[in-house]
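Visitor: Sequence:
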Amino acid sequence: MRHRIPAALLLVLAGLAVPSPAQAAGNTLTVDVGTVVRPVTHVAAGGLYAVDTGTKPPLEQMYPLRLNHLTQPPPGVQQLGNGATTPCCDGHLAAGKVTSAGAQQFWRLPDIYKDFPYKWVSWTDWESKVRTMVNTRLAATGTTNVDGYELWNEPDWTWNTSAAGTFNAGWTRTHRLIRTLDTVTPIVGPSHSIYNHDWMVGFLTNARDTATLPDVIVWHELDNDSYLNVQAHVADYRAIESSLGISPRPISINEYASPSQVDIPSVAVHYMAVFERHGIRSAERAYWYEAGTLDGLLHNNAPTSSYWTYKWYGDMAGNVVRTTPGSWLEGVAAYDSTRKIVNVVFGGDSGNNTVRVTGLGALGSQVRATVVRSGITGRTTNQSAPIAVSSATYPVSGGAISVPVTGMHAWDSYQLLITPTSGVPTWQQRYEAENATVVNANRFSSGSASSGGYVGQIDGTANPRNQSFVDFLVNVPTARSYTMTIGYANASGATATHGLAYNGGAWQTVSYPQTAAWGVFGSTVSTSVTLKAGWNMIRLAKGSPNFAGGTGYAELDYINLA
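Heads up, the sequence shown is in my numbering, so the first residue is 1 and it goes up one at a time.
FYI, nobody ran anything at the bench for these hints, they're computed from the structure. Please note that a few of the clues may not be correct.
[Claimed, not checked] Label pairs and their computed distance ranges (CB to CB): (1) Ser-402 with Val-424: 34 to 42 Å; (2) Pro-117 with Ala-385: 24 to 32 Å; (3) Thr-370 with Ser-128: 16 to 24 Å; (4) Thr-530 with Pro-117: 34 to 42 Å; (5) Pro-425 with Leu-93: 35 to 43 Å.
[As the list claims (entries may be wrong)] For lysine-lysine, the following DSS-like pairs were computed, each having C-alpha atoms within a straight-line distance of at most 30 Å: (6) Lys-114 with Lys-532; (7) Lys-56 with Lys-119; (8) Lys-114 with Lys-56; (9) Lys-56 with Lys-97; (10) Lys-340 with Lys-532; (11) Lys-56 with Lys-532; (12) Lys-129 with Lys-119; (13) Lys-114 with Lys-129; (14) Lys-56 with Lys-129; (15) Lys-129 with Lys-97; (16) Lys-97 with Lys-114.
Yeah, the Cβ is synthetic: ideal placement off N, Cα and C, and Gly gets one too.
With the hints as extra help, turn the sequences into a complete structure.
Guide: Encoded structure:
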């Protein structure tokens, strides 16, 4: 949903947008470091029309967010959203930049139309446009990050039934056309503007009966306080799947937050928490205002207050762990066991509150706890850095500490960082494969794997739509040669190989000698990589553009730089 809201209506909405703080202070957010929810993948780090070509936004501002997923307009976009005078953010042209930042993207096909709501012309016109867009993707042999065609956007109010027939019939017709051209790229939808049980039943029943099921289910959460409904919507959708005999699909909420809420940092925290807690695969900030700004995280290419909320979220590594909100005090947390860092991003309540963190036994008898806040500058004022709140040493009692946070503002977001009092690495050296960008492969769990997870089924070599690789976005302190140690498993019976490339450079080969069993880790190989100071992208691939392909099969646990 990207139409402009009248100013008067925005004022009304703004009065409803603030998370309602509890009447009495003293709520507690509980973080259980010992209970793993899922590997860190930065589910909520994405946006609609978020990335343009060139320096809008700059890659250096994108890297720290660890972007997971974007929805971009298709090649040849004509859409003039929200008062723009030129089209923005062509997914085909921005593909290299998106890959450099570590993200994947859907192409929203109906944004080939200039107007929103879309002005339907004819089936002949639409099918011609679809063929052109899909053939452009097929010809882009160096592009590896288009993981879905979004067939329509918000059909519940933008589909012209009188001219084009029912949406469900139109979905089937368009799906079948695309599959005559491209049998590989996922198809996603139905992309309703709100979640509606009856619409979803009707859509899925038709898609099942016509063999045109989407590969990823998409809907939008755009009402004020929509984060309160995510759990119920996911549960209802899963029940519909089960009742219709449909295998579980990944869920993408590829537009979230209302226009009056999208720039409130604590609202972002609420969405992050519920998306992680309830199994959403990817989610993207809505585009209500300027395109190419990471949906308001940047103003004039510099951070706003909300940027820091997503930067803290991007700093998470290892595993997302269980959080239990206290009234409106909500949060998302992760534990990096290799560095013994607990990272909690929280907010949504006012007054004096507490974050209680349990399961800290591995960090020692004392820990350092540092709290900072984002500020509440909105999307048109820059916030150059987070604001210090407190820093203190706490004794760990029964594996737990309680950190008071006084004078909270309900709009503000906060970060609590807990580390051992000594021996904390100054930079991240180990990068878990399951935290990385995983393309045409899958994440699994194993008790012998570092942080309990790994990536397997890295098997595809055929073409840029199904080649398999893992991209590690790493940040190093100095330009030099690093020893990169790779944790792996290979029970294929012979030495396997992957291609290794970094920062767009030449390919070299990594060999993995045979190990005892799949999913059992402890074996390593090492190689040398010459990295620049700051951010670098390292790819380990079974298949990738300009690479002839690896041999055999290997599973990846982690890489470690030293």
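Visitor: Are the hints correct? Go through all of them and say.
Guide: Hint by hint, here is what the structure shows:
1. Ser-402 with Val-424: 34 to 42 Å: violated (21 Å)
2. Pro-117 with Ala-385: 24 to 32 Å: Because 41 Å falls outside the window, the suggested range is violated.
3. Thr-370 with Ser-128: 16 to 24 Å: At roughly 57 Å between Cβ atoms, Ser-128 and Thr-370 fall outside 16 to 24 Å, so the hint is violated.
4. Thr-530 with Pro-117: 34 to 42 Å: Since the Cβ atoms of Thr-530 and Pro-117 sit about 52 Å apart, the hinted range of 34 to 42 Å is violated.
5. Pro-425 with Leu-93: 35 to 43 Å: holds (39 Å)
6. Lys-114 with Lys-532: Measuring from Cα to Cα gives roughly 42 Å; hence the hint is violated.
7. Lys-56 with Lys-119: Roughly 29 Å separates the two Cα atoms, so the pair holds.
8. Lys-114 with Lys-56: Given pair Lys-114, Lys-56 holds - Cα atoms ~21 Å apart, limit 30 Å.
9. Lys-56 with Lys-97: Given pair Lys-56, Lys-97 holds - Cα atoms ~10 Å apart, limit 30 Å.
10. Lys-340 with Lys-532: Satisfied, since the Cα-Cα distance of roughly 26 Å is no more than 30 Å.
11. Lys-56 with Lys-532: OK: Lys-56 and Lys-532 at ~23 Å, within 30 Å.
12. Lys-129 with Lys-119: holds (14 Å)
13. Lys-114 with Lys-129: With a Cα-Cα distance of about 13 Å, the restraint between Lys-114 and Lys-129 holds, given a limit of 30 Å.
14. Lys-56 with Lys-129: At roughly 27 Å apart (the allowed maximum being 30 Å), Lys-129 and Lys-56 satisfy the hint.
15. Lys-129 with Lys-97: holds (25 Å)
16. Lys-97 with Lys-114: holds (24 Å)
Figure legend: structure checked against the earlier numbered hints; hints not met, in rising order: 1, 2, 3, 4, 6.
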